[in-house]
Every structure is written in structure tokens, then in C-alpha cells.
Amino acid sequence: MPWNRKDLITIEELSVDEINTLFETADAFKKVLGRKTAKTPALRGKHVVNLFFEPSTRTRVAFEMAAKRLSADVTSLDMKTSSATKGETLRDTVENIRALAADIIIIRHSAPGSAGYIAKILDIPVLNAGDGAHEHPTQALLDCFTLREKFGSLEGRKIAILGDILYSRVARSNIWAMKKLGAEVTLVGPSTLVPHEFEQFGVHVSHNLKSALADKDAVMLLRIQHERQNASAFPSLNEYTSMFGLNKERLAWLKKDAIIMHPGPINRGVEIDSELADSEQSVILEQVTNGLAVRMAGLYLCNGGSAEAVVTK
Amino acid sequence: MPATWIKNGRIIDPKNNRDETGDLFIVDGKISARPAQDILDTAEVIDASGLVVCPGLVDLHVHFRVPGQSHKETIRSGTSAAAAGGFTSVVCMPNTSPAVDSAGTVQLIKDVVHREAVVNVFPTGTITVGREGEALAPTGSLASSGIVAITDGGKCVQNAGLMRRAVQYAHMFDIPVIDHCQDYSLSGDGVMNEGLVSAKLGLRGLPKAAEDMIVSRDVILSTHTGAHIHLQHVSSKTAVEIIRRAKARGINVTAEVTPHHISLTDAEVESFNTNFKMNPPLRSEEDRIALLQALEDGTIDCIATGHAPHTDYEKDVEFDYAPFGVIGLETALSLTLAQLYRSERLSLIGALSLLTHRPAEILKLKKGTLSEGADADVTLFDLDETWVPQDKKFFSKSSNSPWIGQELTGKVKTTIVAGRVVFDGTRILAD
Ligand SMILES: [Zn+2]
Ligand SMILES: [Zn+2]
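Protein chains in written order, with the numbering used here: chain A, 1 to 313; chain B, 314 to 744.
Here chain B stands alone, though its shape is the one from the complex (with noise of 0.2 Å):
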């Protein structure tokens, strides 16, 4: 491979709180240091004038439902819109059908990522059998297949005697629990957050003690087993309040938050309009304002899209009818600058963390930096470059996005994996 010579960008690297003007070189699928003359003579050159050059980002929550429902999604075009995002390493989540339980399922999602993947994929096994909270799954051998954590995926195991065991059996092979915090008999059948707006919807309401009871609860078992647990899509003030409490303390867990929960409230369900039904629901705007600040004073450790494919048609029905999430990939990047970095609450550098090396330092994934020998995943982006997401234009096989027809600031230019450009831009080059 010959190498590659990105010169004159804004290279951003937040882990090592690098922000200078300069050139980045790859030899080998790796970030180097200027290379010999003769190497640099046949290199590629990309330039990189006007553009900030960072590393590849980095999402812990993506759901590219393979094996079983490629009618949503698949590896290949899920992978396409991360590289299409700027992202380079995606965890998948395991609720998949089947389910990813059992060594042999991880194998078979290894092999279609070996086949069609464009950026890395780094799976994620269940907790339970078949994601019934019932029995444990066979976390070691999952372990030894590769899996990087194991998770429920969208659903949160009821039992806490079961939670329990699952955490501290995973600790022994030092393998994170990522959980969706919800506890299933305060949320009901709600379908939007519980408040003003469902009261006058009419809408079944999800109430915030759903998820703060669950995030107590993990706490609680953290406390007690010293795990690691890692909490998805916070979006309740108060369960922001119980981390923080919990990280003051020196407790093992981490947590993410996604763009859309950052963004917006429960005030857009006033449109009836299935691409704002996620779970956890869009809440108030008290919570959407402790989200931020909890990015800011590192609360929250990063964000990650919750990445959710459904077709339009799955979506084209009543409200109470439509299922959960949404498509984050392709927006990520705009949302977190607009709402972090242009909103003059974290510098570049800081905003560009939560989708970089902190991300990737949560499930211990050597990613998510430009350090010298580190993986060449880089991701080169205009800052102030506008444009509108367009249904049928997502990479992703769905088009189940908030963000249609709004203009977003901020344009992934060039997607970079082990030193070979995946994204130009405008097209996936494939191998």
C-alpha cells in the first residue's frame, strides 16, 4: 500500500490535545511521522486545506440488524452510512434474530463483516439467552469469540438477582455490561415521554423513573461487584444527577448519550410524526440542558447514535403502532458540533472527544486517535459546509431520521480505514 500524505488540514487528535495546522501521514495503515523522501515522493497526496482532520470516529451503540432483518439494514450499507458519518469502528449491537447468544452467531456476523464491511465492526454478544432475562448466555465463550461487551440491546434485564450475576460472571473475563435502562413496569406500553405534551396528546407516557430506577440500580450493583457497566442513551436529568453522584465516588460505570437526545424534545411529538418515536422518548427541555452540561463536565463520557434502521413503511403507521429509533450515523457529527462546540460549550477539541478516544476508551478499543502507530482511521470533515439530509439519500438502508429537510452544518469529506479512503465524500469506494 502505497502511503498517504494529508497535508495542510487543522489536525485535531483530543486525545493527545493536538489542534494544529500541518500535515498527517500514513505508511502501512498506520499514523507515522514524516516518512523518507522517497516514500513521500510516491505518496498519496490528499489535501486537506480548509478541513479539519481528526480521528476516525467512534460509535459504541449502533444496530445493523444482521443476522435476520436486512430488509432494514445491512452490514454493508450500515457500515457504508458510518463511513458516510466520518465514522471509522462501530459496536453492533447483539438483538439480532437470531440473537447474538452463542459463539457460533458471532462467527457468522465475523464473516459477513469480513465480506462487507468498510469500516471496523466490533460485535457485541447478549447478556441473557435469546435476550429473555431469563438465563445467562455463555459469556466466556462469547468473550473468547471476540465480542467486546455484552448487552441486552434494547431490552434491560428485569431481574436484579440476574443482572447481578451476569455483571460479576462478565467482570471475570473483564468484559463490560452495557445496559438500556428501563425498568419495564414503570414504562408500561408508553410509547413518548411521560409529561406536558403526551397529557395533551394523549399518548401513553414512558415515565424518567423508568430509567432512573434502572441506573440506580446498576450503580447499586457496580458499588457491590466493582464492574464495569456502561449506560446507554441517558436522557433524564435525574439519572444524570445519580452518575455523576456514582462517578464522585470513584463507582465503575460509564455512559453515553445519543445526538438526537441532545438535540431535540418531546415538544416535536406534537406532530404525530414517527421519526421522532425512540426509546428512551425525546424528553423535556430541563433534561435535554442536564445532557449538555453533563458533556461538559464529563459526566457522560461520550455520545453514540443508537443507530436504529426501520423501513418507511414500518414507520408509516399510527404512532402507537411505529417502532422505536432512529437513523444516527450520517447526522452525528453536525449535531454534536451544533449543539456542543457552535453553541460555545465545548472547544473542537473537546466535542470531537465524545466521538473519539473516549468512546473508544469505554470498551477499551485501541481507536480513536492520531498518535503516531496508531491504526490510520482518520476522518476529514468541513467545518462550516452546509447541507439537507434527504429522505432516500442516507446511505443507510432506512431513512427513519429526524433530520430531513434540515440544514446541518458540518460535512464528513473523507473517511479514512487502516490508511484506505472508504468515503469521498460523495461515494463508498469499496474493495
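Just chain A, same shape as in the assembly (with noise of 0.2 Å):
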């Protein structure tokens, strides 16, 4: 199964089989990191800039233990205001950095579509670490490839994603890349944050938390931001966390065996009882360890190499 693509910006335009082979990519990664010297060779010489429009701590630095992990040198900027308010364009931004002999960019930005948009203008691989509420691929592939370890496979599971979908990229990713993948997907949380719009992806959508877990096998939870007042889509956290925070009373409407996934970082108390999230039913740091494997993967395949080559090296 090859892997065609110069760039990973969407979890929408890849084929089921795109995304297994990123799987299968990620399985020998995932050795990889359990021998004693976890690191490969694999873009020994590249240089990869982690572009950063959007502070994000976790995602920069899994980006860059992932490049660094395949031997490559990395640089991360952390563009602390947007290049337009700095009156350069993002186009100039891009194109001096791959002038400074950048191999791969790693972009995050708040603007849906700019991933894909400097993919256009470059040669070199664009990897999106998150366009404004569009998509974050790599942590979708991430959240699925858990769930594959957990059930094998996502055929025909049944998962609930909790929260704030109207602004998520995450919740974007996951649809797409769980619908793919043959799972039942709904959407749950208050009418202003999951709009019915949703419906028309193949998801279900729901305002009634106890019906929206009945049998689920996984509930994803995203975070909370909570926003000034009068532009606020619910009336306070207070509220948010009694009517959809996920309790001990609450997990039980779940499916009995079921798990709980978080992109972090948590709100503990608002979206989830801290004790559920350090559960065992709770898989979210070993989200945080298969997003190592998947981000070597994307870097991987998107810089032409292929997963045969990663198992016999």
C-alpha cells in the first residue's frame, strides 16, 4: 500500500488504505521506540522547522521528539503574533523559511485552510498540526490508531466525541477519520456547540448526554474554553460540567469496559472528574505516546519513505 502524498493536511481527502498504511508505519515505529536506542536513521540530513502561529506546548513538542526520534534537526518557532498583524504575508513567511533550506514544515495556525494553502505554494512537505477548528490529522490518526489498539479494529464501535465540536479541529479529524475507519460516530453537547449542520456528515448528533453514552465503547472528551460572557455558547463552566461533565455517576451509562480519551490537556473538573482521567478506563497518556509513533509515521512518509523499509531497519 503506497503512500503518494507530499503533504498530511487532511484526514478527509486520505483513502481508508492511506490511513492503514500510516498505521502500519506507526506499528514499527512504535517498536522502534521500545528498543533500547530509540531512534532511526530515517531523515538523518533533513531539517524540519516546526512552525508555530498558535502556542501549543504538547503538539509542538510530540512533533519535535517525532522528528528528532527519525535523526532530523529540527527548529521550532513559535510565531508569537500572527505574520499578518506583523504586515507580512504568510506566503513571504513560508517562502523564507524554505529559502533557509527548510526539508519539512510543521504548520499550526488559527486560520482554516492555511495548512493547506502553503502546501500549495512549497515543493517541500507540509505536515498540519492544526488550521483553526478545520483539522489536526495527526491527532485524529493518533486517537484512531489507539483505538485500533484497544479493539483491533474500529469496525463497528460505537464512539461518542463530548464537548466543544463546533470549534474543534479535533472533532473534525475524528469524524472523518473514525467514519473511515467503520465506526458509529455521535456527537454530544449543548445545541450551540454541535450544530445539526453535523448530521450531514453520517454522525449522530445529541443535546442529551445520558441517551448519547447508552452503549458506547469509547467516549472522546475535548476541552472546554470558555469564552467572555456575551459571546460565551453556554452560560457558565458550572453549568457546562452538570449538565455534560463526565462523572463517575455518568460513566456508567457507558458501555461497561469502555474508554476514555482526552487530546489534552485537560480541564480536571470541568469536562471530566479528575479521578476518571487518571482511571483505568482512562487511555489518555498512552494517546500521548501512540501520537510519537503516528507523527514519525506522517514526517516519514510524507519525506518518500515507505513502511516495509521502517520494519527491516
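No lab work stands behind these hints, which were simulated from the structure alone. Heads up, the beta-carbon is just placed ideally off N, CA and C, and yes, glycines get one too. Please note: incorrect hints may appear among the correct ones.
Claimed, not checked - With a Cα cut of at most 27 Å, we get these calculated BS3-like pairs of lysine-lysine:
#1 B:705 - A:120
#2 B:706 - B:726
#3 B:343 - B:724
#4 A:30 - A:179
#5 A:150 - A:248
#6 B:706 - A:120
#7 A:80 - B:706
#8 A:6 - B:628
#9 A:120 - B:628
#10 A:30 - A:180
Unchecked claim - Covered, in the sense of this in silico footprint (three residues per stretch, anywhere, with C-beta under 8 Å from a C-beta of chain B), are these stretches of chain A:
#11 87–95
#12 101–114
#13 133–144
#14 165–179
#15 192–198
Stated by the list, open to error - Computed list of chain A residues with no C-beta within reach of chain B, every gap over 10 Å:
#16 4
#17 16
#18 31
#19 39
#20 56
#21 186
#22 233
#23 253
#24 275
#25 308
Make one complex out of these two single chains by using the hints.
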């Protein structure tokens, strides 16, 4: 199964075969990570630039470590202000970085479509580390990789995604990935954050936590952000927690051995009770570990590597 | 000026319900009856066989960026684009820099128009000082300086009390108020239509309710004042329904739609191509069909382009940061023909009325007809010739068009203003 993409921008455009190729490559890298010298020379001599226009220590560090495990040189740039507010265009910024001999660019940007936009401009691989509320493909891949480890396959599994769907790139990428891999997806949260338009993507939409959680194999929580009162989608964090927070009692609404996922960072006591986050059903830290293998796979494949080659190395 | 004899064209004058093959005569810059033989002997002859000869098109809504943003467009480039698109009269919006909120700025624009324009340009003034929505601009002196309407062009007065006074005050001078209908508390920082596609792309939505609220408000203000309010670029099905009911009750509102809103939907935004970013945004297919039906039944009075030039470097950015707006003068005729005439929703007369006498009548411009004695503004076009708009080949200074690379049908061959040919099918002929 080949991977013919220069870039990893969206899950929407990936085929099931491509996703499986990436998973197989990630499987191989996960084995590498288990070795004493957990490093491969796959990207030796390559220069990976992490271009973060939005702060995200987690994702930036995860990409950075993935690139280093592949022996690449890494430069991480935290662009404190967006290029637009500095008067320089995004095109200018990335063309400059390319001119400094970058070989791969990882971009996080608040504007939907921005990663695809620079992928069209540049002749080098571009990996999307989150473009606004649009997509966050490596997060969805690591989430589904984790589900696949737990369940063997996502086929027929029932998964609830709970929280702020409207503004979540994680939700969008996961919807595409889970649907492609055969899972049944239910979105749940307040009506202002979970619009019914999403039903047209082939998922269920619910505002009733109890019925939405019934017989689910997994629940994926999203981080809740509470903005200015008048722009907010719900009255208060307390109200959110009382209606949609996951606690021990509500956990029983799920299947008995259901797993809890969260892309982090967690608001303990808001979207999830602290003890649940650390419980046996939580796979939150496994997600983080898998994120390393999945990002290695993404970097490696976009740079022209093949799954078979990892195994033999 | 010698007379002009346009021979053997398909003469269509929607205002007079005329559609026949024949000759059209221009004498002294006016449409004339057949003149005496000695005049015909020296007349300039234009062979119009196979061509449609219609009144020069009228556009109630263009942005020419003068004064202040001549890197996007000038009066020369904008009126050239108009001429190339078959338009002989355009109404330009006052959202310039400075905004047209004083008689002095109107005079400045008129001076530039006098020097540079190749078609008729009718300026508008603002409703409020600096388009800031806080204090009324001097409507009376603007009116005496020759503006044809007031509007905050691209902005919407949010304070209903202020808008009511603006409408009442302007009514005293018989000056219509033109509105870009948008409630900012609902539209927020949206960048595209709120709906299925915005949900998918993660782009912030501009809900239709933002337009519908102000359309309702304006209908109410017109009801209570009797003043004429013209609603720009209607894009939502609900807004259409509100206007339809208002008109049935005899309320003094008129409305326009753009060629792009009747041709495209928000599905185009999936490419993140910023040439599909406009305000109001491209809506759903249901809305698009409602707009076409509204043109068919007269609920919407005319087509106007909203011609909004922006440079390529301004549009070559992330979708969020690109300016709203697309150019439209050079493609409007082809698109109108495609959506209304070729689709068999309207006759050729019906489709052309939306670009000629109907817009003219909204602002009481003495334009848009081939009646005897009318100004000789005439457009000749080939109904069936195909062409492909190309980047850098527009007469507009900007090329932010959604139609680049797409084949369009219907090509302007000659544009005549006051009896003088200003566009010959390939070039602008200036004095
Ligand atoms: Zn407008
Ligand atoms: Zn406009």
C-alpha cells in the first residue's frame, strides 16, 4: 500500500488504505521506540521546521520529538503574533523559511485552510498541526491508532465525541477518520456547540448526555473553553459541568469496559472528574505515546519513506 | 459629431418591450428616428448583423476605490471594466478614503470622473459621517452636490433610531437610502455562509439571520416613513420572502442581487479560494434558487455587480484574512444570460430589463432605454460567443474574479456612450 502524498493536511482527503498504511508504519515505529536506542536514521540530514502561529507546547514538543527520533534537525518557531499582524504575509514567511533550506514544515495556524494553502505554495512536505477549527490530522490518527490498539478494529464500534464540536479541529478530523474506519459516531454537547448540520456528515447529534453515552465503546472528551460571557455558547463552566461533565455516575451509562479519551490539555473538574482522567479506563497517556509513533510515521511517509523499509531497518 | 447608423441588429429595448431586427440611429448623442438621407450619407455605420443591440447596461453598485485606494482601481480602470462589460452607467459607493461624506469629496470625485471616466458615473454619499454609524452626514448638501443616493456602502448603520432619522431626513430631499443589510451582533467575525460547509471547514459563519434582521428593520422603517430604501445584494431566501410580502403591501423598498449570488453557492469555498470570499457570502443552493425565483416574479428589481476590486496580494492570504469582495463588471452580462435567459427562466427582454431600465428607474436615472430622444448609451453583444476570463486580462486593475478560467457565453462587441464608441470589443477608446 503506497503513500503518494507530499503533505498531510486533512483526514478528509485520505483513503482508508492511506490511513492503514500510516498505521502500519506507526506500528513499526512504535516497536523502534521500544528498543534501547529508540532512534532511526530515516530523516538524517533533513531539517524539519515547526512553525507555530498558535501556542501549543504539547503538539509542538510531540512533533519535535518525533522528528528527532527520526534523526532530523529541528527548529521550532513560536510565531508569537500572526504574520498578518506583522504586515508580512504567510506566503512571505514560509517562502523565507523554505529559502533557508527547510526540508519539511509543520504548521499550526489559527486560520482554517492555511496548511493546505502553504502546501500548494511549497515544494517540500507540509504537515498540518492544526489549522483553526478545520483539521488536526495527526491528532485524529493517534486517536484512531489508540482505538485500534484497544479494539483491534474500529469497525462497528460506537464512539461518542463530547464537548465543543463547533470550534474543534480534533472533532472534525476524528469524524472523518472514525467514519472511514467503520465506526459509528455520536456528537454530544450543548446545542450551541453541536449544530445539527453535522448530521449531514453521517454522524448522530445529541444534546442528551445519558442517551448519547448509552452502549458506547469509547467517549472522547474535548477541551472546553469558556470565552467572554456574551460570546459564550453556554452560561457558565459550572452549568456545563453539571449538564455535560463526565463523572463516575455518568461513566456507568457507557459500556462497562468503555474507554475514555482526551486530546489534552485536560480541564480537571470541568469536562471530566479528576479521578476519571487517571482511572484504568482512561487511555489519555497512551494517546500521548502513540502520538509520537504516528507523527514519526507522518513525517517519514511524506518524506517519501515506505512502511516496509521501517520494519527492515 | 457625425450621426451613427447601427444596421441590422436585433434591437432589444426592454422598457418599450421592443425586440426586432432593424436599424438604430444616433444623432447628436441621442437615440433618433431615421434621420434625413443627407445625414445618413455621412453617418458612421456599424454593422450589427448577428448582434443584440440593447440599452447600455446600468450598474447601481460598484466600488471604484477613488479617492484613496487607486492601487485597487481608478476611475479610468473601473469605467474601462464597465465599458468592456457593456455598462454605460454605474453608481459608485462612497466607502472610499476619505469616505464621501461632504460636498467637497463629491466634487473631487466628479473632477476625476470628468477627466478619466469612459462611462457615466453617478456618485453616492454616505449616510453617516465617516461611515461610522454615529452622526448623520450632511445629506442636504450632498444632495445639492449631485449624489444620487446615500449609503454607508459596505457598512450597515446598526442603530435603528439613527437609521430611522437618516431615512426620514433623506426622504425630504427625495434621495433614496441604499443599505448593505447586516446585523453585526449576529454576523460577528464570520467569513463565509453559516451552514453545512462552514461546519465542515471550521470557518466562522455569517448567519442569514444577520441579513434578514436588517431587511426586516428596513421594511419597517420604510413602512413608517414612506421613504425609499434600496436593499443591496440580497442573498437569503428568508430576506426574499420578507421583501415579497413588503412589496405586496406596497412598501417602498427595492432590491438587487449580484450575478455571483445567483450563480454560485458556498460549496465553492471548500477550495479555500479567496476569490469566493464576499459579503454577504455565497449561500446555499436553496437560497440561490430563491433569488432566481425572486428575479422571475419581480420581487427583486435588478441585478447589480457589487464590483469590489482587491489586488492579488491582498487576496493571496489565509481565507480568514482576505478582504471580502469580487469584481463583476466584465462578467455580469454573461452570467445574467446564463442564469436567466439560457435557463429559460426569462425571455431575453426580461433578462436584459434587469440590467437596463429597471436599475435606472430605482435611482431615477434617465438611462437604460433606447426610446427616441434618450441618451445614446448602447451596447452591442454577441449572444453566443464564448470567452474565458483570464487573470491579468481584465480591464479592471484587479482580477479577484471567481470566473477565471471558466468558459462564459455572451460577449460585448461595442459599447457606446452618448453616441461615441468607448469599447470596440478589444480596446477602450478614450478621447
Ligand atoms: Zn455591501
Ligand atoms: Zn458593495
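- Message: I'd like to know which numbered hints this structure contradicts. Please list them from smallest to largest.
- Response: 7
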